[in-house]
Every structure is written in structure tokens, then in C-alpha cells.
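Asker: Residue-level listing of the chains:
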Amino acid sequence: MSTTKIAARIHTVNVDVRTPKKRGKTDLKTALVFIGPAMVGFVVFYLLPTIRGLYLSFTDYGLFGDPVWIGLQNYVKIFQDKLFWNAMKVTGEYVLLNITFQTIFALGLALLMYHVAKSTLVRGILLLPYLIANVIVALLWFWMLDYQIGIVNQIIEWMGLPRVAFFGSETWAIPTIAFINVWRHMGYTALLLFAGLQAIPRHVYEVAALDGAGPWKTFWKITMPLLRPVMVLVLVVTVIGSFQIFDTVAVTTGGGPVNASRVIQMYIYQKAFGEQDFGYASALSVVLFAILGIVAFLQMKFLRGNESELD
Amino acid sequence: MTTAQRVNNSRTGSKPPRLSRDNHPRQPLNWGRLSAWAVLTLAILVTVVPFLWMIRTALSSNHSLAANSASLLPADFSWGAFKRVLGMQSPQEALSQGGSGAAINFWLYLRNSVIVSTMITVAQVFFSALAAYAFARLQWPGRNKVFTLFLATLLVPPIFTALPNFLLIKNLGMLNTFLGIALPTMLMTPFAIFFLRQFFLGMSREMEEAAKLDGANHWRIFFQMVLPNAVGPVATLSLLTFIAAWNDYFWPLLVGQDENVRVLTVGLSVFKSQSPQGAPDWSGLMAATLIAALPILILFLAFGKKVVNSIGFSGLK
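Chains as they are written, first to last, in the numbering used here: chain A, 1 to 311; chain B, 1 to 317.
Honestly, the hints are just simulated from the structure, not real lab data.
Remember, predicted model here, so these are calculated numbers, not experimental data.
Hints are not guaranteed to be accurate.
To be verified - Straight-line C-alpha distance at most 30 Å; calculated DSS-like pairs for lysine-lysine:
#	chain 1	residue 1	chain 2	residue 2
1	A	Lys77	B	Lys170
2	B	Lys305	A	Lys29
3	A	Lys118	B	Lys306
4	A	Lys89	A	Lys221
5	A	Lys301	B	Lys305
6	A	Lys89	A	Lys77
7	A	Lys89	A	Lys217
8	A	Lys89	A	Lys301
9	A	Lys118	B	Lys305
10	A	Lys118	A	Lys29
11	A	Lys301	A	Lys217
12	B	Lys145	A	Lys29
13	B	Lys145	B	Lys212
To be verified - Partial selection, computed: residues in chain B whose CB lies under 7 Å from chain A:
#	residue
14	Trp31
15	Ala70
16	Ser71
17	Tyr133
18	Leu163
19	Thr265
20	Ala293
21	Pro295
22	Ile311
We put the CB at the ideal spot given by N, CA and C, even for glycine.
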């Protein structure tokens, strides 16, 4: 789902506020028919589950019998849960590595595309990994990074370095998974930034050139400030996505070795479907939801995402 | 404009037009451009080589992989992995070539993925188009508020609704059915509605008004005028929806564990964990991932431009 989700978040900046001319009459009846199926989908699979998820987080519910109201107990337990804090630490590490490298590489690629290669072919090739399923990408790298006969370890050995247990060591598991997703998302993020670069009016650069600004100065004084709203938006979207890392972990390490890659969504999944503890798992996902909200809010506030230097 | 022109414009547009000593504009090829292309080529290689490695491994015979782990060509070329995955080998043959011997019902998973992705794409795009029309073109009280509410759901992380939705599908007795896998995304996604609404808003009203004067109702206008004029965006959205449905793993993992409805992504992760003989069947696994990625690769080859441009279209400005 992530393709569409991310793109949609990008769209929201741009909501069209034009309202058709009021003509005094409404098409309510027709509208109800047109919107009916979507409304059912919205209420049944988005709205009610959100409310039910909140409710379940205050209950003890093990799939059999009925949920039992236990107030804030789940939340108190989460606060004292070492595995939860471990999951947060591991997820944080992942997000930091993933986002830092992904954004730097993507920005570099976007600038390259903008300055030397606007061809659709180049953009298409760089986008390719993003269109291939997480599971497939994970399996491909699981093979290439295999300790015994993976090609990457062959190359490492040729270079005279010791082999690396990419998925098998506690130190390497998270950086490896973060790298795989940098590889998968780099081109897509670059395309988003590229679109942002194209939106910067040309005359601003011309003025800078007349004032004798060199490329370095132009980049920091013109490109970066004018790209900022897009950059912030891309960061908000990719960070939110990054926090929900699951597929790659599930397919490669399953959360191990020990707890080294047990990211938060993996932990929620294991609580719900491994231990049938739906109440606790719901509370965990409320916490994740809250964290995502706070992170997005802070990013928008401190990076001033909704102000543009152009206005 | 030719590509070269555009490239030049963008360059002069973004960098001061430095002039060489004899006052001619700088030649397009200089060290800066060369190194830029070198980096870009590196990025393209990093993107493409893993896929080539996937093909190379799939065409190798599994037993020979260990001994030839660094040879660039397939190790002991063989179609065996593809045959094995597609069930065209007897279990004995498969075992002797380094397969797990356990059957993987690849055709079944492929069929299931096609069914689920098609159900989701057709229904989601159709119902979302109806709703988008209502949001873009019909007058009704509370329209913008409802739309904002729809959009707000984009902020809810999928895991948050996945648990209650699992319980719902379970209570409805739809665990391990195609409908159970497809239903939550069949009626709408906020993105699909938003995507089409943007387009409908930009369509000219004149023809519609004329049709209305002729007594056409909204249904006729929608099916005979709006949809036929929206073939492009509808196709792009269908493509994005199909890819997303094809690639989804988490939800089918929750509700579609049963062999009969298991989709490819879930099937592949199961296949990976089946290696009773000890050594994993890497060539089989790569052949399987290659076939699983193939429909997306074909769609991308055919309509890649649409996808690439839709990301530009996502209208950051």
C-alpha cells in the first residue's frame, strides 16, 4: 500500500479549495448514491476500526470470550515493558539510519537528474526497486548478503576483509535492513525531490547568476531554502513510513538475532498473533500512532513545512 | 524541446553561465558533467545489478552455486529452478538439483495474487471514481467536511486499523477467503478518491452543463462524458492500485494464511523457510521471486512513463 499512501500524503498539500458556484439546489440524493459504497468502506474499514482499536487498548482481550475493561493497565504495563523500550530503540535506530542515508542519496540523485539527465528512462530505472514488492527485495538481498556464498561477502573477502554476518549479528541486523530499504526507496524519494526542484522558478536562479553566486552558494542560498517545503513534506512522509517497517524484518531476521531487529510493528504483530494478546497489541499500536503524530507535528513545526519562501 | 536543449536550459538556469576564455558558452561536456554522469551511472548500476544477479542465480543449478559463488555467469546453466518452481519437475528430480522437495504451489499463488489484485483494482477504482465525482461535481451539504474526514484517515497507520479489521473479517467468517483479503480496500482508499477528484475538478464544465440542459442526469454524464474523458488518470490509478495490491504482504499474511487463498508475497516467505535439506534452494527462490516480479516488470515496461509521470503529477506544485 505504501506507494499510494505516500503519494497521497504529498497530494494533501495541494488540496483544491475551489468550490463550484452555488446554484441554490443540492444534488444530495444523487450524491448519496455516488458516495454510498465509498462511505460504507470508510466507516466499516477506517472509522470504526480506529474507534474499536482505541477501545481495545483499554481491555484485556485474548480473542476468546469478550474484551474485559481494565482501564489504563495496558499502558502502565507498556511503560515498564523492557521489550517495548527495546523495540522503540531498535526502530529509532532503523529510522535514523534509513532516513539519513535515503534523504542524502535522494537529494544527490534529484540534483543530478535536474542538472544532467531529465530523461524518463533514467528516472524509470531508478524508480524500479520501489515498484517491486518488499518481500521480493528482501529475499533478493537476503541471498546477495548471505554469509557463506552471497556475492557481497565474496567481494568483501576479495578486498581482504573478514566476512560479515549481515543478518546474523546483533550489530549488523538493523543497519543491513535499513540499507536494503535505502536501496528500495532512494529513487522514489529522488523523484519526489526532483518534482520539487522543477517547481522552483527559473528566474530566481537567473537573478542569483547575475549577482555572481557560484554553484555552492546557489545551492545553499537558493535551492535548499526554496526546496524546504517539499523537503519537509518528503521527510514527514518517509519518516512515518519508516517507523512502520515490517515486511523486510519479517522475511529476513524475524526480529532476531535475539531482539536486535524486533522493531515496533514486529512486536505488535507478535503480541497480537503470536501471544493472542489483542488488548496489549492495540495499546501498543495506539502508542505508535501517538508517536507518529508527535513526530510529524514536530517536523512540521520546527522545519516550518507549510511556509514557503516564495510567498 | 529536445533533451539536449532542456538539459542546457536547466543548467544555465541553475548555474551562472560561466564563459570560457574566448567568450563562447561552455561546451556541454566538461569535467563537472562527466563526473555527474559517472555518479548517475553508478546509481543506475547499483539499481540494476541486483536484478541481474537475481536472473543469474535463477538460471544456475543450485548445487553449483556454492562452488561458483562469484562467477558472473550462471553457475552450471539450467532451467531447473524455473521448472521446479512451476511444478514441472518430479520431487526426485527437484531434490537431486538442490530443491527442497517440498512442493510450492506457485501456480496457485500466482492465480490467487491475480484474483485478489484484480478484485481490489477494479472495485476500488470504480467506487472511488463515483465518490470522487460526488466530491468534485455534486452539490451537497457537508461535502468538504466529509472529504477532509476521508483524507484524515491517511494519517492513521495501517497497523492501527489492521488489528480491528482482522477481528471484523474473522467475525464475518471471511478469514481465508478472497473477499476477506480484498474487501477492506475494495470500496475506497483516501488516495484513490483524492487522485481522481483532483482530475475531475480540472475538467471543463461546459460539456456537462450542455448535457444537463439536454436533460441528461448525473449517471449519464458520469458514464458517458466524465469517465471516457478520464481514461488516462483512471489507467494510472489502476496501475498504482494493482501494483500496491500485488505487493502487499502484511494484510494477506493476517487473513490469508490458508494455502488455497495464499498470495505470492506470503507464499514466497513460506517458500524461503522451507529448506529441510539444510542448504536453502537459492536458485529456486530467485526463480520464484523473478516470476513474482514479472507482472510488475511487464506493466512497468508497457506503462512505465505513466507511473514515472504520476509521481511528478502528484503535484508538489
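Asker: Determine for every hint whether it applies to the structure shown.
Answerer: So, going through the hints one by one against the coordinates:
1. Straight-line distance between C-alpha atoms of Lys77 of chain A and Lys170 of chain B comes to about 27 Å, which keeps the hinted pair within the 30 Å bound.
2. Straight-line distance between C-alpha atoms of Lys305 of chain B and Lys29 of chain A comes to about 39 Å, which puts the hinted pair past the 30 Å bound.
3. Taken as a hint, the Lys118 of chain A and Lys306 of chain B pair is honoured in the structure, with Cα atoms around 15 Å apart against an allowance of 30 Å.
4. The suggested pairing of Lys89 of chain A with Lys221 of chain A is violated, with an alpha-carbon distance near 36 Å, which exceeds 30 Å.
5. About 36 Å separates the Cα atoms of Lys301 of chain A and Lys305 of chain B, which puts this hinted pair outside 30 Å; it is violated.
6. Using a Cα cut-off of 30 Å, the hinted pair Lys89 of chain A and Lys77 of chain A holds, with the two alpha carbons roughly 17 Å apart.
7. Straight-line distance between C-alpha atoms of Lys89 of chain A and Lys217 of chain A comes to about 38 Å, which puts the hinted pair past the 30 Å bound.
8. Between the alpha carbons of Lys89 of chain A and Lys301 of chain A the distance comes to roughly 24 Å, so the proposed pair stays at or under 30 Å and holds.
9. Only pairs whose Cα atoms come within 30 Å are accepted, and Lys118 of chain A paired with Lys305 of chain B is accepted, the gap being roughly 13 Å.
10. Under the criterion of a C-alpha separation no larger than 30 Å, the hint pairing Lys118 of chain A with Lys29 of chain A is inconsistent with the structure, at around 48 Å.
11. Only pairs whose Cα atoms come within 30 Å are accepted, and Lys301 of chain A paired with Lys217 of chain A is accepted, the gap being roughly 26 Å.
12. Among the hinted pairs, Lys145 of chain B with Lys29 of chain A is consistent with the structure: their alpha-carbon atoms are about 18 Å apart, no more than 30 Å.
13. This hinted pair checks out: Lys145 of chain B and Lys212 of chain B have alpha carbons roughly 27 Å apart, not beyond 30 Å.
14. Given hint, Trp31 of chain B at the interface with chain A, is violated; its Cβ is 13 Å from that chain's nearest Cβ, farther than 7 Å.
15. Because the closest C-beta pair between Ala70 of chain B and chain A is about 4 Å apart, less than 7 Å, the hint holds.
16. Hint status for Ser71 of chain B: violated, given a least beta-carbon distance of 10 Å to chain A, over 7 Å.
17. With its C-beta approaching chain A no nearer than about 6 Å, Tyr133 of chain B sits inside the 7 Å limit, and its interface hint holds.
18. Because the smallest distance between the Cβ of Leu163 of chain B and any Cβ of chain A comes to about 6 Å, under 7 Å, the interface hint for this residue holds.
19. The beta carbon of Thr265 of chain B comes within 4 Å of a beta carbon in chain A, closer than 7 Å, and the hint placing it at the interface holds.
20. Interface restraint check for Ala293 of chain B: the shortest CB-CB distance to chain A comes to about 5 Å, inside 7 Å, so the restraint holds.
21. Below 7 Å, beta-carbon pairs count as interface contacts, and Pro295 of chain B has none with chain A, the closest being about 11 Å; its hint is therefore violated.
22. Given the 7 Å rule on beta carbons, the hint for Ile311 of chain B holds: about 5 Å separates it from the nearest Cβ of chain A.
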